[in-house]
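There are 2 protein chains.
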Amino acid sequence: MEEKTKAVRPWEVLESRYLSKKPWFTVREEHVRLPNGNELPHYYVFEYPNWINVIAITTEGKYVFERQYRHALGVVSYELCAGVCEAVDGSPLESARRELLEETGYGNGEWEELMVLSPNPGTHTNLTYCYLARNVERVEAPHLEPTEDIAVDLLSLDEVRALLDRNGVIQALHAAPLWKHISMLK
Amino acid sequence: MEEKTKAVRPWEVLESRYLSKKPWFTVREEHVRLPNGNELPHYYVFEYPNWINVIAITTEGKYVFERQYRHALGVVSYELCAGVCEAVDGSPLESARRELLEETGYGNGEWEELMVLSPNPGTHTNLTYCYLARNVERVEAPHLEPTEDIAVDLLSLDEVRALLDRNGVIQALHAAPLWKHISMLK
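For the record, the sequence lines run as chains A and B. Residue numbers for the first sequence follow the numbering used here, so the first one is 11 and each next one is one higher. Residue numbers for the second sequence follow the numbering used here, so the first one is 11 and each next one is one higher.
If you are wondering where the hints come from, they were derived from the structure by calculation, not from laboratory data. Any given hint could be a false lead.
Same chains, same label: a pair holds when it works inside one copy or across any pair of copies.
As the list claims (entries may be wrong) - Using 20 Å as the maximum straight-line C-alpha spacing, the simulated SDA-like pairs for lysine to any residue come out as follows:
#1 K32 with L154
#2 K16 with D159
#3 K72 with S166
#4 K14 with E57
#5 K72 with P45
#6 K14 with G71
#7 K14 with R176
#8 K31 with H41
#9 K32 with E57
#10 K31 with H52
#11 K72 with V162
#12 K14 with R77
#13 K14 with R171
#14 K72 with R144
#15 K72 with W121
Since we're looking at a predicted model, the values are computed, not measured.
With these hints in hand, go ahead and build the complete structure from the sequences.
Now the structure itself:
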């Protein structure tokens, strides 16, 4: 699609320095100049590895959901299986297969990429790859890390629709692929 | 809906301190204990005010989109009108009406809340209120801040569908309400 109005151009970086380089807290402070000449002396960029999530549907047509406590918002919420692309993974798809197996014990099935999202293109450097996995099967017990406390619930399609209708999936990175999936079913 | 499997409980905060308290960079470092007894000595919580966004449809049935350069990802992307709930706003709805008028010059119309999202309930303290505004009209010229460089494009519903189908809206907080809206049209 052609742009209908004016062109929008990138910013120029005048200065850049790391304030922190830790897992889940790698931040650059940048002094930037906009195309109109205005400057932002303190712009914060948060670096993360890429993330993945999976809408996994079992051979019985059940959707594999997780419940986790999410500390910043202080809520227990329904979520998709999700995780981080590790250096050992050969691709985001491999990361997604690994995370689904580790967190839920489900594997196999037919996988496709549903969409690619940004958590926030203004603040976050990473992307989230969202997959749809059909006909997954429980192949082993979950292998949770000591810091993971995850409940796995199997929901019917009607339950997923009801969950979405009552705003029960609040994580935007999960709500987007779920609503896309629902829109494609109709 | 009843929880189908085990209960998931909150974490206990053992220590909490602010690393920074600046606009767009307010961060707490917390030492937390999980219900299973395991501890995370360095958990980062990012505080933000609430945000809003708007799917605005004109009296002619056109969708009001924006294009902006987003510096962390380094892309110019199609987005909804979006912004921050300011202290002067009486409600998130007021914030959304104010932002739409400031950034695009469109106002009036019939407004409803479409959904409420979290940018990331694990890391972010805030919520994003998503609105659907029908029959908005151009009532004045946009009033952009010196640091805003925004192009406003009016898209037909077919163009919005094509944009979504080609993964053209990558900001998860915008893709979710757009796909929900599309799913409700069918």
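To see whether the hints hold, each was checked on the structure:
{"no.": "1", "hint": "K32 with L154", "verdict": "neither (23 Å within a copy, 36 Å between copies)"}
{"no.": "2", "hint": "K16 with D159", "verdict": "between (49 Å within a copy, 10 Å between copies)"}
{"no.": "3", "hint": "K72 with S166", "verdict": "within (5 Å within a copy, 36 Å between copies)"}
{"no.": "4", "hint": "K14 with E57", "verdict": "neither (32 Å within a copy, 36 Å between copies)"}
{"no.": "5", "hint": "K72 with P45", "verdict": "neither (51 Å within a copy, 29 Å between copies)"}
{"no.": "6", "hint": "K14 with G71", "verdict": "between (43 Å within a copy, 17 Å between copies)"}
{"no.": "7", "hint": "K14 with R176", "verdict": "between (37 Å within a copy, 18 Å between copies)"}
{"no.": "8", "hint": "K31 with H41", "verdict": "both (18 Å within a copy, 18 Å between copies)"}
{"no.": "9", "hint": "K32 with E57", "verdict": "both (10 Å within a copy, 18 Å between copies)"}
{"no.": "10", "hint": "K31 with H52", "verdict": "both (18 Å within a copy, 13 Å between copies)"}
{"no.": "11", "hint": "K72 with V162", "verdict": "within (12 Å within a copy, 42 Å between copies)"}
{"no.": "12", "hint": "K14 with R77", "verdict": "between (43 Å within a copy, 10 Å between copies)"}
{"no.": "13", "hint": "K14 with R171", "verdict": "between (36 Å within a copy, 17 Å between copies)"}
{"no.": "14", "hint": "K72 with R144", "verdict": "within (10 Å within a copy, 36 Å between copies)"}
{"no.": "15", "hint": "K72 with W121", "verdict": "within (16 Å within a copy, 36 Å between copies)"}
Violated hints, in rising order: 1, 4 and 5; the structure is consistent with all others.
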